[in-house]
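Once you've looked at the hints, dock chain L against the given chain V.
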Amino acid sequence: MNLDWVVNHADEIWSLTVTHLWLTLSATAIGLVISIPLGYIAYRFKKLHFFIVGGTSLFFTLPSLALFVLLPKILGTRILDPVNVVVALAIYTVSLLTRVVADGLASIPHEAVDAATGIGYTSAQMFFKVQFPLAIPPLISGLRVVVVTNISIATMAAVIGVAQLGTLFTIGFTRNQLVPIITGLIVCLLLSLILDRLLALLGRVVTPWRAVTHQGRAG
Amino acid sequence: MDIIAWLTDPANWTGQYSIPKQTLMHLVYSFVSLGIALVIAVPLGLYIGHTGRGENLIIGSANAMRALPTIGLLILLVLIMAPRIGSSLAFVIPAIVVLILLAVPPILSGVVSGVQSIDRSVIDAAYGLGLSRRQIVFKVEAPGSLPLALSGVRGAMLQIVSTATVAAYVSLGGLGRYIIDGRAVDDYSMMAGGSVLLIALAIMLELMFVVITRVVVSPGLTRRSQKIKPT
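Chains as they are written, first to last, in the working numbering: chain V, 1 to 219; chain L, 1 to 231.
Some clues are possibly wrong.
Quick list of the computed label-pair ranges, beta carbon to beta carbon [unchecked claim]:
1. V:Ile-119 with L:Gly-130: 55 to 63 Å
2. L:Leu-129 with V:Ile-136: 53 to 61 Å
3. L:Val-211 with V:Leu-190: 36 to 44 Å
4. L:Leu-129 with V:Leu-178: 21 to 29 Å
Source of the hints: derived by calculation from the structure; they are not laboratory data.
No residue lacks a Cβ here, since even glycine has one placed at the ideal position from N, Cα and C.
Same shape as in the complex, but just chain V (with noise of 0.2 Å):
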C-alpha cells in the first residue's frame, strides 16, 4: 500500500477526523440529554409508555440519506450544513436511547426505591441520588452502541456533499484510489473502538459501587 497519500493528507485527513468526531459527539450528547427526561416519562407513566417508546423506535425506520435531504426543508438550513447530521444523528440517538432509558429505570432493584422512600427523599432526590445513577450501567451499554453507530451512519452524509471520514470514501472513489478509502475505513473503526473503550471505562468509574459488589463483598 501506498503511504505517501496519506502523510501527504495528514492535516486533511486530521480536520476530516475532527469534524467527524465533534458531529457524532455533539449528536449524541443532544440526543442524550432529550431521551433521559423522554425514557423516565415513559418509565413514570405507563400509559404514555407504549406511545414514547414505541413512537420514538419509529424514527430508527427513517433512512439516513433521506434525513439528511429533508431535514434542511424542516429545519430552513442549507443543504450542506453540518447542522442537519447533527441533527439526524441526534433523532437516530434518541430513537435508540429512550427505551434504554426506560428498561434501565426499570430494571432498578425495589428495595433501593423503598429504601430511598424510607428515608424521605424527594422525587427529584430519588432520580438523581439512587434512579440515575442505578440506571448508569444499562444506559453505558447502550451509549456505546448508539456512539458506535452514529459514527458509521455519519459517513454517509459524505454522497450528498457533508465533510466528514465519509469524504476519505468519496474522494477515493472519484480518484479511483484505494488507499483513501481504506484510510477513512480504519479510521472509522478506530474511531469506534476508542470511543467504545472510553465509555466502557467511564461507566466503571462513575459506577465504584458495582467494583465493590463484583468482588464479592455482598456473599
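For chain L alone, kept in the frame of chain V given last:
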C-alpha cells in the same frame, strides 16, 4: 410545495427511470440481499443456538459490522471488483455483497437469542416426548425463536433498504438515484421527492413486518394468548 409537484408530475411516473421502476429496483436489490442473507444466517443461527458453539462469533460480527461504515466498504469493493467484472454487474455484485454482509449479523443474533430465549423446560419436555434432535431444532427451537428472529430480520431489512439508497452513489438503481442525481443537477425537489418515497417504502416494509410477525408467530408465544388464559 415543489416536493409535491415533483411527486405528482406525470413525467416522473413513466419511462425508463420512472418512480415505479426505481421502487421496484430498490425492492429487488433489497429482497435478493435479504433472501441470501437469510439462507446464510438462519441455518447458522439455529446451529449456534442449538449447540451454543461460536457465540463469540456473533457478538464480534455484530459489533464489527456496526462500526464498519458500509459506504466505505461498498466503494472499496466496487473499485476492487469493477475492473474484473466489467459489465453493469460491476456495481450490482459489490452492492449485493455489502448488503448481505450488513444483514447477516442482525439476523444471526436474532435467531440465536431467539433460540436461547426458549424456556429450557420446553426443550426438556420435547426430549421427554421422544423428539429427535432434528425435530427439536425444527419443531421446537425454530418456531420458538421466531419473535426475536423476526425482529432481527426486521432490523436487517431496515439496514438494507437504507444502505441500498447509498449504493446509488456507485451507480446502482433504486430510489437513491433521485437523491444522488438530484444532488448532481442541484434539483432539490427531486432529492426531497426521492427521500419522501424512500421513507414511505421503509415505513411500509416496517408495517409488513408487523403483519408477518402476527401471522407466523405462534399465539402461544405472544402476550395475546395469555390474556385469554384462565387464571
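The hints, checked one at a time:
{"no.": "1", "hint": "V:Ile-119 with L:Gly-130: 55 to 63 Å", "verdict": "holds (58 Å)"}
{"no.": "2", "hint": "L:Leu-129 with V:Ile-136: 53 to 61 Å", "verdict": "violated (46 Å)"}
{"no.": "3", "hint": "L:Val-211 with V:Leu-190: 36 to 44 Å", "verdict": "holds (42 Å)"}
{"no.": "4", "hint": "L:Leu-129 with V:Leu-178: 21 to 29 Å", "verdict": "violated (57 Å)"}
Comparing the model with each earlier hint shows violations of hints 2, 4; every other hint is respected.
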